[in-house]
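Novice: Quick note, the sequences are listed as chains A and B, same order.
Residue numbers are given in our numbering: position 105 of the first sequence equals residue 105, and the series is strictly consecutive.
Residue numbers are given in our numbering: position 347 of the second sequence equals residue 347, and the series is strictly consecutive.
Because the hints were derived from the structure by calculation, they are not lab data.
For glycine and all other residues, C-beta sits at the position ideal for the given N, C-alpha and C.
Do not take every clue at face value.
Looking from chain A toward chain B, a few residues come up when the C-beta cut is under 7 Å (computed) [stated by the list, open to error]:
1) Ala93
2) Met114
3) Ile183
According to the in silico footprint, chain B covers these stretches of chain A (three or more CB under 8 Å from chain B) [what the hints assert, rightly or not]:
4) 142 to 149
5) 169 to 181
6) 184 to 190
Listed next, with one range per pair, are the computed distances between beta-carbon atoms [as the list claims (entries may be wrong)]:
7) Met1(A) - Lys144(B): 44 to 50 Å
8) Leu96(A) - Asp21(B): 55 to 61 Å
9) Phe177(A) - Gly176(B): 21 to 27 Å
10) Phe17(B) - Ile62(A): 24 to 30 Å
11) Pro47(B) - Ala66(A): 48 to 54 Å
12) Thr20(A) - Ile270(B): 40 to 46 Å
13) Thr20(A) - Gln426(B): 54 to 60 Å
14) Pro375(B) - Lys89(A): 55 to 61 Å
15) Gly14(B) - Val2(A): 28 to 34 Å
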Amino acid sequence: MVDFFIGLFLASLITALFTTRLYRLLVWYSFNSLTLGVLALLIGIKIDDNAMLITGIATIVIKAIAIPYFLKSFSQKFHFIRQIQPNIKIQYAIILIPAILVFTFYLAKPITHMIANNSNYVAISISSLFLSLLLMMEHKNVAPKITGFLSMENSLFLLGITATNGMPMLVELGIFFDLLMAIVVINLLFRREEMKNA
Amino acid sequence: MLELLLFPAFIIFGLSFIKSDKAKRLLAFVSFLILIPTVKLISLPKPFHLFKDYLVVDDLNAYILFVSSIVGIGVTLALMTLDKHVKVSKNAYRRFYRFFAIFWIGLIFSILSNNMGIYWIGLELATLSTVYMIKTNHSTAAYKEAWNYMIVGAIAISLILFGIILIYASAKPILGEDAMNFNLLLAHAKEIKSSFLFELGFATVSVGMFVKMGFFPMNLWLANIERASFYPVAALFSGILESAIIIGFFRFSKIAMEINYDHLFTFVFIYTILTIFIVSFLIYRAKDFMRLFSLSGIEHMALIALFWVSGGTFAALLHFGAHAFLKPALFLSTGVLESNGKYKIAGALKGYKGKKGTIFWFLVSLFLLAIISLPPSPMFFSEIYGFGAMIKVAKSGDNLLSMMAAILILLILLSVIFYKFVEVYQSMKYEGKVYEKKVYVTELFSLIIFGISLIILITSPVMNYLRGIS
Numbered sequence: 001m002v003d004f005f006i007g008l009f010l011a012s013l014i015t016a017l018f019t020t021r022l023y024r025l026l027v028w029y030s031f032n033s034l035t036l037g038v039l040a041l042l043i044g045i046k047i048d049d050n051a052m053l054i055t056g057i058a059t060i061v062i063k064a065i066a067i068p069y070f071l072k073s074f075s076q077k078f079h080f081i082r083q084i085q086p087n088i089k090i091q092y093a094i095i096l097i098p099a100i101l102v103f104t105f106y107l108a109k110p111i112t113h114m115i116a117n118n119s120n121y122v123a124i125s126i127s128s129l130f131l132s133l134l135l136m137m138e139h140k141n142v143a144p145k146i147t148g149f150l151s152m153e154n155s156l157f158l159l160g161i162t163a164t165n166g167m168p169m170l171v172e173l174g175i176f177f178d179l180l181m182a183i184v185v186i187n188l189l190f191r192r193e194e195m196k197n198a
Numbered sequence: 001m002l003e004l005l006l007f008p009a010f011i012i013f014g015l016s017f018i019k020s021d022k023a024k025r026l027l028a029f030v031s032f033l034i035l036i037p038t039v040k041l042i043s044l045p046k047p048f049h050l051f052k053d054y055l056v057v058d059d060l061n062a063y064i065l066f067v068s069s070i071v072g073i074g075v076t077l078a079l080m081t082l083d084k085h086v087k088v089s090k091n092a093y094r095r096f097y098r099f100f101a102i103f104w105i106g107l108i109f110s111i112l113s114n115n116m117g118i119y120w121i122g123l124e125l126a127t128l129s130t131v132y133m134i135k136t137n138h139s140t141a142a143y144k145e146a147w148n149y150m151i152v153g154a155i156a157i158s159l160i161l162f163g164i165i166l167i168y169a170s171a172k173p174i175l176g177e178d179a180m181n182f183n184l185l186l187a188h189a190k191e192i193k194s195s196f197l198f199e200l201g202f203a204t205v206s207v208g209m210f211v212k213m214g215f216f217p218m219n220l221w222l223a224n225i226e227r228a229s230f231y232p233v234a235a236l237f238s239g240i241l242e243s244a245i246i247i248g249f250f251r252f253s254k255i256a257m258e259i260n261y262d263h264l265f266t267f268v269f270i271y272t273i274l275t276i277f278i279v280s281f282l283i284y285r286a287k288d289f290m291r292l293f294s295l296s297g298i299e300h301m302a303l304i305a306l307f308w309v310s311g312g313t314f315a316a317l318l319h320f321g322a323h324a325f326l327k328p329a330l331f332l333s334t335g336v337l338e339s340n341g342k343y344k345i346a347g348a349l350k351g352y353k354g355k356k357g358t359i360f361w362f363l364v365s366l367f368l369l370a371i372i373s374l375p376p377s378p379m380f381f382s383e384i385y386g387f388g389a390m391i392k393v394a395k396s397g398d399n400l401l402s403m404m405a406a407i408l409i410l411l412i413l414l415s416v417i418f419y420k421f422v423e424v425y426q427s428m429k430y431e432g433k434v435y436e437k438k439v440y441v442t443e444l445f446s447l448i449i450f451g452i453s454l455i456i457l458i459t460s461p462v463m464n465y466l467r468g469i470s
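Chain A extracted, bound-state conformation:
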């Protein structure tokens, strides 16, 4: 079951890389976060860790529901361009993405021997990190760049739950708090009309 959701996590991120519409990108981000939350719940149940269960629920509520909702409302409020064409052409991206996946599995090989649990998941986390960076790089518009940043945060979270069986609760809650703070700052940055009125 965990393997299935890890696969979904990666697949949703890859699909997001090919998306040319903003709302669809937000849907894929939401789905990506949902799989991450479910993964945290599954691993939490498996290792009987209450902290990870709380983290899983928080992930689903904050990342899969609240953040995509806020981003969509920002896009309506500040009139974002919804047609988001990636700079990298699809035919090149089709070659580049598997290359990144193979490269990261090769890169993570020495590490995976050192991690007892879920060793292949670490490689997937690192490849997700690279794919999120690619998402940030391949778009000129700010909104997909933000989604890339949030996906990067998801990849780090996946690394946290797979490589270490979850970080301490206090740290994970702090990371959630910072994420919410980032959304507040992003909202303030979008208020360009404030500049004109100043």
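We have chain A already, so just place chain B on it with the hints.
Specialist: Just chain B now, with coordinates in the frame of chain A:
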């Protein structure tokens, strides 16, 4: 004690919502309250557990917090006359203070943290709050750079978290959830079985920190941001935010020293020399004060990192303190120096009348000459001790000749920077036309605070305190 530390930040946050002009003055003076708990922390017996094992005060972080609080006071004083030099709306001004309060809270957690996770949370909070400070300048360039900072800063901070997770994964088998604890990690560093995993984590953390400090290959992003934002933001970046980053580097590298010193030294040595090599030529080509000071900041942070990994703890900390006082002082002076245009270096030190004007140009001249390590600047002493530490390391590893060659290259690069600063100083003092410029009491007072702090830094009690930090 934690309440006392956070109290001024909460007051500033609350006052920033009051629309009265009196609140503006009050905001600057509230920042003085920061000094009370930081002075108290220095005098307390160490280690002092501020909040369980999460926030622990030792000599190193007490010193860095004290230096940062002086910089914070200087910046808030200079902020009082920001609207006299640049166009800033009242709303933006209040918001600047609001985010300064959040920045300060993040910074306290980051500097005093004994936990990798809390360190990261504090740093992220401080980073995010500075994003809005950049945007207080309502220009298109500042808006663009605020986004740049948001994105590049996010990548850098994500790299740091990525490294922290790897370090945590490497130490969790022996320490459990306590693997986040800096002191415990240091004490059990030699027991970590997967040293490769730790080193990979450390390298990633370091690259994230180096990107945030503008090291190779991201040399210009910070300079562009500081150019686009108001000058107090640049002062906060160089004097406080970089302190929070460098203390993290100190903590992580201390643990890495226990794992494999040679790997650590080679990695940092190559990275910093490469950074100084590129930065020295960028400084040579700099055409305005902001970029000049910003790039010089990168050079000094690289030197601090190099001295630290060479075992020159005293040199690194002295250099850090001197840089933390000098650079914000220079950034704050740009508000006056650039009165007649951003790119007019010629004659920038002319046109000051009265006692205030004379003290101002005299102080700026001193700061400019001190930043290029002219004696008796604390930087002169720190560089002597730092290069001494590098030679000592080389002697113990039979690499004396190659180290001498590296120091020679470093000195050549530093002389390029020295030449540029002297040229800039001469142009400021002896070239260009005379335009009358106004200096305000509060900004002069902040420069005097920095000047006095620099003098105190080279007194024997402070030197002894720094020597005591091993």
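Novice: Against the structure shown, which of the earlier numbered hints fail to hold, in ascending order?
Specialist: Numbers 1, 3, 11, 15, in rising order.
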